[in-house]
Amino acid sequence: MNTAMNTRNLLTGFFLALAVVTQGALALSQPGESSVTILARGPAGLRIEGKSGQISLDKDASALIFKVPIAPIETGIALRDRHLREMLDAEKFPAAILRVSRADLTFPSQREPAEGTAKGELTLHGRSRPVEVRYRAEPAQGGLISVRGSLRLDLRDFDIQSPSYLGVSVSPQVEVKVELAVEGT
Amino acid sequence: MKIALGALLAVGLFSTAASAYPTMIRHGYAQCSSCHTDPSGGTLLTEYGRAQSQLLLSTRWGAAQDSDPDAASKFLFGALKTPDSVVLGGWIREGYIWNTVDGKLVDHRALQMRTSAAAAVRFGPLRAAAELGYASAQTAQLAAVTRNQDGANLVSREHWIGLAFADDAALVRGGRINLPFGLRNLEHSSFVRAATRTDINEDQQDGVAVAIATDDWRAEVMAILGNYSLRPDGLRERGVAGYVEAILSPRVAVGLSALATRADSSLETRSASLRQAYGLTARAAPWTPLVLSLEVDALLLTELGKSGPKVGHAGWLQADLEVLRGVHFLGAAERLESPAGGATQHGLWGGAAWFVFPHLDVRADVIRRTSADLPATHTFLIQLNGYL
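These protein sequences, in sequence, are chains V and W. Using the working numbering, the letters of the first sequence correspond one by one to residues 1 to 185. Using the working numbering, the letters of the second sequence correspond one by one to residues 186 to 573.
Pulled out of the complex, with its shape left as it was, chain V reads as follows:
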């Protein structure tokens, strides 16, 4: 009986630990690597996540410029990826570009992280619109700065039709989360 109880507890514990580890691994998504996550929602709890590991950062004297190519974004379903590329007209407008003025940003010190909200300009589907970006930047290993940012956008502001497929429509409000490690600015 004790052996059986132990086996049961072990199985339960193993599975729960696995679930927590899996969740942690998915959530953290290999810290230090760059990632972009796009979250769209549909009716009755439908959740669609698009992910890409490709994001680049250019800097000029006045702004930081983040660039995300559209084509590599994957939602886990190949057909949905194609629909995403078609919806964003990726051949004509191959990247989303976010420009954030340096003047709007607080940069972290060697010991203190920085966080806040900054105004930026997002260019998507050939249209440029102002957006608000929440960010947190903190020192990371190797002299890098770990940056996490998020923004919300409305697809209609960029002349993109709300996706609808076989009776399931996705909300035009979309969340974008970005995570990357950059060299100190």
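Possibly wrong hints are sitting among the right ones.
As the list claims (entries may be wrong) - Cβ pair distances, simulated, as ranges: (1) V:P172 <-> W:A549: 44 to 50 Å; (2) V:R156 <-> W:D449: 55 to 61 Å; (3) W:A295 <-> V:S164: 41 to 47 Å; (4) W:G288 <-> V:G53: 52 to 58 Å; (5) V:S62 <-> W:G516: 56 to 62 Å; (6) V:R85 <-> W:G288: 56 to 62 Å; (7) V:P69 <-> W:L261: 39 to 45 Å.
Claimed, not checked - One-sided excerpt, in silico: chain W residues whose CB lies under 7 Å from chain V: (8) G213; (9) S218; (10) S219; (11) L240; (12) D251; (13) D255; (14) D352; (15) D353; (16) P435.
Simulated from the structure, these hints should not be mistaken for lab results. Built from N, CA and C at the ideal position, the CB exists for glycine as well.
Go by the hints and put chain W onto chain V.
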């Protein structure tokens, strides 16, 4: 006597089956209501669900991964076009079963597992669904519409009408409804489904339910008013059942379930009894081809006015490995300590399923069950499932 009991158990438990795929969480579908008319999953597919069946469940036979679903995914292969507000479906599931007890073949026969048609309609916020089918003698009796004791019957596993609100995030409905409890796995004879009497083959009850689905969690609670296919009234259970599942990520979900029902003459005890079950569920796809599912239920049975609750438990741990698109290897371990008594039972399941194309799947299972007071039973079951 032991052999006869073992044979009876083995023969009786594997008779019919329905369809639900909680393992679709491997594709990020932790929720059910995009693909099914039942917000907690199972039974009729929506048009979107039919498309996913072709795109994600079935072998692609050389079709490009990003190609659109074609007419083959539709009702009757698209031969009959229905209005957007109407969903039609139907099932023909046939099987063959071999049962051995202590290594001796005690039974082998063809199984008529499911022959039914269903429809769902939506007009504005109104939602309704109903299924009507045929069940051969001694099968799906708890869903029977007709009263032929020794022969075939008409059955209706579900029939309900309801109102959707909050942009389809919520549905309140009344009628005969799948009980909201635990994993909605299609292995309806698994200990967790049989012991809690919450399978989607015949354990539906009449009542009123509210289902809510968001992208972070889903829940359904049902006031159980009794199974009106069951007579006399004293056998009917009344009470409440429900679950809540938190979606921790698109590929990890954990849930809690509870069920408490009272009957004047319980099917287990034949006396006034309170039946309770409290469960923990988890689903995780740590790697897209692999889905792990767990359910652990505490079972309590109280004969009212006679004694305190008798306690037991049931557990189920399943691994589903999709080795090629549409081809799955399935393995599960289960355990039951029934509150009604008897020795602890253990089960091991192994099998394979192939979703050949959107309207056809085949499955083979081997189930070994053992307990201290019964001889070991082995069940070999093959199934052929056609979906109209």
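Status of each hint after checking the structure:
| no. | hint | verdict |
| --- | --- | --- |
| 1 | V:P172 <-> W:A549: 44 to 50 Å | holds (46 Å) |
| 2 | V:R156 <-> W:D449: 55 to 61 Å | holds (59 Å) |
| 3 | W:A295 <-> V:S164: 41 to 47 Å | holds (45 Å) |
| 4 | W:G288 <-> V:G53: 52 to 58 Å | holds (55 Å) |
| 5 | V:S62 <-> W:G516: 56 to 62 Å | holds (60 Å) |
| 6 | V:R85 <-> W:G288: 56 to 62 Å | holds (58 Å) |
| 7 | V:P69 <-> W:L261: 39 to 45 Å | holds (42 Å) |
| 8 | G213 | holds (5 Å) |
| 9 | S218 | holds (4 Å) |
| 10 | S219 | holds (5 Å) |
| 11 | L240 | holds (6 Å) |
| 12 | D251 | holds (4 Å) |
| 13 | D255 | violated (12 Å) |
| 14 | D352 | holds (6 Å) |
| 15 | D353 | holds (4 Å) |
| 16 | P435 | holds (6 Å) |
In this structure, the one hint that does not hold is number 13.
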